[in-house]
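As you go down the protein sequences, you meet chains A and B in turn. Residue numbering for the first sequence follows numbering that gives the first Met the number 0, starting at 0 and increasing by one per position. Residue numbering for the second sequence follows numbering that gives the first Met the number 0, starting at 0 and increasing by one per position.
These are calculated hints, taken from the structure and not from any lab test. Honestly, I wouldn't trust all of these hints.
As the list claims (entries may be wrong) - Only part of the chain B face toward chain A is listed, based on derived beta-carbon distances under 8 Å:
(1) F42
(2) A46
(3) M129
(4) L154
(5) P155
(6) G157
Said to hold, decoys possible - Stretches of chain A that chain B covers, calculated by requiring three or more beta carbons in the stretch to come under 8 Å of a beta carbon on chain B:
(7) 70-80
(8) 104-113
(9) 146-155
Cβ coordinates follow ideal geometry from the N, Cα and C atoms, glycine included.
Chain by chain, the residues:
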Amino acid sequence: MKRFIAGFLTGAAFLVLLVVLIAQLGLVDVCADAAIPSWFATWFSASVHRSVARQASSVSPLAPATDADVSAGGKLYLNDCVGCHGEPGKPQSDFGATFYPPAPQLATAGTTYTEAQIYWVAKQGIRRTGMGAQAGSYSDEKLRQLAAFIYRMRTLPPDILKEIQAKPEPPQKAEPQK
Amino acid sequence: MKTFLLGFLAAIVILPLSAAAFLRLGFADVNGDADPPVWEKRFMYTAVHRAIARREGGSVETPATTDERLVAGGKLYLNGCAGCHGELRKPFEEDRSLYPRAPQLPHIGTQYTEPQIYWIVKHGIRMTAMSAYGRFYSEQELWSIAAFIHQIRSLPLGVRERILAKSVNAAP
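Same shape as in the complex, but just chain B (with noise of 0.2 Å):
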């Protein structure tokens, strides 16, 4: 029994230590250019929404839906988060920029509810290319921008066409 919790504590400790050090001398690549393999994506995409739905079970109160703000959310998506996101107008291009790859939301859409979207534009996500935009957006923004992209592939009759027409506007 002994020499078996002897075995035990030993892995214990030179496991992690052994991981740490094979990081450490730079034995893992750091290329961002590379296809994440898919046991990884799928161990990291449950990992960050699970803790995503433990931080944020849908507590906080999600402001009503109108036309208006999913306007204006998707006119600050349009000008803050397109650029890595997918833009509205442009067909499916995957990002192969970043690891892991940003999400390409107006093509597959996104699982999270609205309170977690609103969560995530707000906090960030730690380890993805993914800042914490709480301290440039207001409240009443942050949640345009979340009631927006929970609903960017379902957007009511004319909204679409509303927040293009009006980025048009601004753009020259």
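Isolated chain A, as found in the complex (with noise of 0.2 Å):
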């Protein structure tokens, strides 16, 4: 048994060094720009997402989404997501397939994060991916209604949407441009 335990020590110490080696010698590959591998991309997504179901478990119950919240939320998506995340009706973002892992396209693919969750996520960021945490830029009110927004995204009315989409840009910042 002490030969077995010293066995598993070294076997440990063995698989530490040989991380170190490897990333401080810089023989990990950096570059973004290559295929992630589909089961890496299975399981960090896989990782993230329960990782997130337990993190967001703290946020309190948000109030229900009304229309209006539904489509002020879509006015925020349409702002400053659809860059990374593909817009309802369009081509997917070329942007968005640039980073590694690449950004979840929310327009075509969706997504199966619970309407807390996707708040929780805008709010925090995931770490590692271009994911980064909006609370500095949204009170928690807007992210309440972008998550209200990106969570029935693929099943709203295409009426609704159209109305959404018809005026993307806040009028105070569409005035000074021209």
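Starting from two chains that each stand alone, build the complex the way the hints lay out.
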């Protein structure tokens, strides 16, 4: 048993050394413009989902979304999220594809997160991805509206979607441009 | 000896599997608004710098730097990079959104060489918010951005003003 433990500890030390060596000698491939292996993408996404489910369980229940919330959230989405996550009815985002891992295409592929989880992700961001924490840019109320829209994006009646897409720019931003 | 080897093998099989399972079951925090621990920052920083030095050790010929190229690169920087990496005019403010943090280049500069910056902008960095811009900029533009970022804290006299002046005219 003593020998087994000694062997186990040696093995553990060997692994740590191996990881440190590979990383610190620069042997890890860091370029983001390579195809992500599908096993890694699957494992990474599943791990993140599990962790979000655990961490987002602390979010207190969100106020039920009204039509106005969904519409307001849609405008926010069209302003700030489409660049990476794709616009409903449009081709997937080229820019979102240049991240490693690539940004999920919410408009075409949707999401399996719940509304509260979407709220949490938008607010806190996701480590080791291009998803930044938006808490500094949006109030909790706006984040709630954003989550309400993203959650329903693919099941919205076409006329409501059209209405949201009609004026994607908020007036105060569009005015000084002209 | 046999028991020792058995223990060694057990460690090599069990530990990576447990690590994978630990992550897969969601036990690692994923919120991006946390501050990365110092050891992690150092470890990843060295790993990435060395990996890029290995890929781009100076084999590529760098175009000669002119004020014109610096101004062009600076303009591109203000349009496409400043959002995450910091505006030229604003005081230092640490990134609190991305994990790992986006380096605030106008304030801390960079230790990468010019070809390495070119490489990073073109290919991006995995598992960070630095995406690959190779398909959005021409080779010439990529090199201009690299030249500008390389000298971002030591720009020749007048270049900074020209970059900022042009961006002001372009905005309205």
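Quiz item: Among the hints numbered above, which are violated by the structure, and what are their numbers in rising order?
Solution: Those not satisfied are hints 4, 5, 6, 7, 8 and 9.
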